[in-house]
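Input sequences plus hints: build the corresponding full structure.
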Amino acid sequence: MKLGSKEINGNLILAPLAGYSDRAFRRISREHGAAIAVTEMVSCEGLARDNEKTEDLLLRYEGEDELIMQIFAPDEDPVRRSLSRLLEYKPTAIDINAGCPVPKVVKNGCGSALMKNPDKIYNIVSFLKQNTDVPITVKFRLGWDSSSINYLEFADACVSAGASALTLHARTRSQNYSGTASYEDIKILRERVDKSVLVFGSGDVFTPEDALKMVKSCNVDGVMFARGAIGNPFIFKQTKELLESGSYHDIPLEERYNTIIKHLDYMISYFGEALAAREMRKHAAAYLKGVRNSSRVKATIVHALTRDDYLKSLEVLFE
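Numbering (our numbering), first residue to last: 1 to 319.
Worth flagging that the hints you see were computed from the coordinates, not collected in a lab. Just so you know, even glycine gets a beta-carbon here, dropped at the ideal spot from N, CA and C. Do not take every clue at face value.
[Unchecked claim] Restraint ranges, calculated between C-beta atoms of paired labels, are given here:
1) Asp156 - Glu55: 31 to 37 Å
2) Arg278 - Lys104: 17 to 23 Å
3) Pro103 - Asp65: 22 to 28 Å
4) Lys116 - Ser5: 30 to 36 Å
5) Lys282 - Asn51: 21 to 27 Å
6) Arg49 - Arg296: 31 to 37 Å
7) Arg292 - Glu209: 34 to 40 Å
8) Ala274 - Asn51: 21 to 27 Å
9) Asp133 - Glu254: 42 to 48 Å
10) Leu152 - Leu87: 29 to 35 Å
11) Lys116 - Thr300: 29 to 35 Å
12) Leu275 - Lys2: 36 to 42 Å
13) Leu305 - Asp145: 27 to 33 Å
[Unchecked claim] When the alpha-carbon atoms are kept at most 30 Å apart in a straight line, the in silico DSS-like pairs for lysine-lysine are as follows:
14) Lys289 - Lys2
15) Lys6 - Lys107
16) Lys213 - Lys129
17) Lys237 - Lys289
18) Lys2 - Lys107
Written out as structure tokens, the structure reads:
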């Protein structure tokens, strides 16, 4: 697909996942077939203030050729103050978060709170469009709640300001992650927006079949995998197989084991063994969902402090 002037080899995307989409997870996902990934959401205010932890979110792994960098802000001002710093990291595209429903984000006017005022997203996109050649994209929801569904108006504001792509997580902010995503609204958005603007679908993509359904029923240009990719980077490879051949292969236990260890090793190389061992626990639990003997492994992995602890815990899988 073509994102602005950028050619992207594929249309299966790893979504921005706070606490998950670090360099290690993005690398594993790309190795398993993701065409491109999005960073965790980055605070424009933190970036403007040269916050080291904020900037760490923008670091690439060696060989990460393309990377969409997602920012969040309540209005144009912090975007303006942080742009020069952001551009130093050479984003493939800049994505604006207008969908995060977390209270600590929306209380400051960021995330899905932007949907209450489409003029603000227009100003942000317009400023970025006028001050950079990088493609600008926006990720948003159906509306604040069921009584204020305004995603079409919001999309119009984004497009008229110059956005190159839109991602719709087809739930309202008040739904958070409950209920089901409305694929019908994703379809309506794709029909409404000019074909020169890419439309990606997001929400309830937990299996390759879900992705196929979204592609076929909504006619989207790409699929953004969020929770469905946690502990399951294999979903990118399997979805590609399903789209290309009509079927896909199951993941053998040995491959799952090797991927867990590789993921852990990447985390150790980027963050050090102690932090990696703690952070890997949530990933490992997701990798092991539904796997034989996994409950015994999880019981020990929650206490893992080293790479060797993981190796010893995972041996139980092959008993």
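Hint check:
no., hint, verdict
1, Asp156 - Glu55: 31 to 37 Å, "34 Å, holds"
2, Arg278 - Lys104: 17 to 23 Å, "22 Å, holds"
3, Pro103 - Asp65: 22 to 28 Å, "36 Å, violated"
4, Lys116 - Ser5: 30 to 36 Å, "32 Å, holds"
5, Lys282 - Asn51: 21 to 27 Å, "24 Å, holds"
6, Arg49 - Arg296: 31 to 37 Å, "46 Å, violated"
7, Arg292 - Glu209: 34 to 40 Å, "23 Å, violated"
8, Ala274 - Asn51: 21 to 27 Å, "22 Å, holds"
9, Asp133 - Glu254: 42 to 48 Å, "46 Å, holds"
10, Leu152 - Leu87: 29 to 35 Å, "31 Å, holds"
11, Lys116 - Thr300: 29 to 35 Å, "47 Å, violated"
12, Leu275 - Lys2: 36 to 42 Å, "38 Å, holds"
13, Leu305 - Asp145: 27 to 33 Å, "44 Å, violated"
14, Lys289 - Lys2, "36 Å, violated"
15, Lys6 - Lys107, "35 Å, violated"
16, Lys213 - Lys129, "33 Å, violated"
17, Lys237 - Lys289, "18 Å, holds"
18, Lys2 - Lys107, "35 Å, violated"
Violated hints for the displayed structure, listed by number in ascending order: 3, 6, 7, 11, 13, 14, 15, 16, 18.
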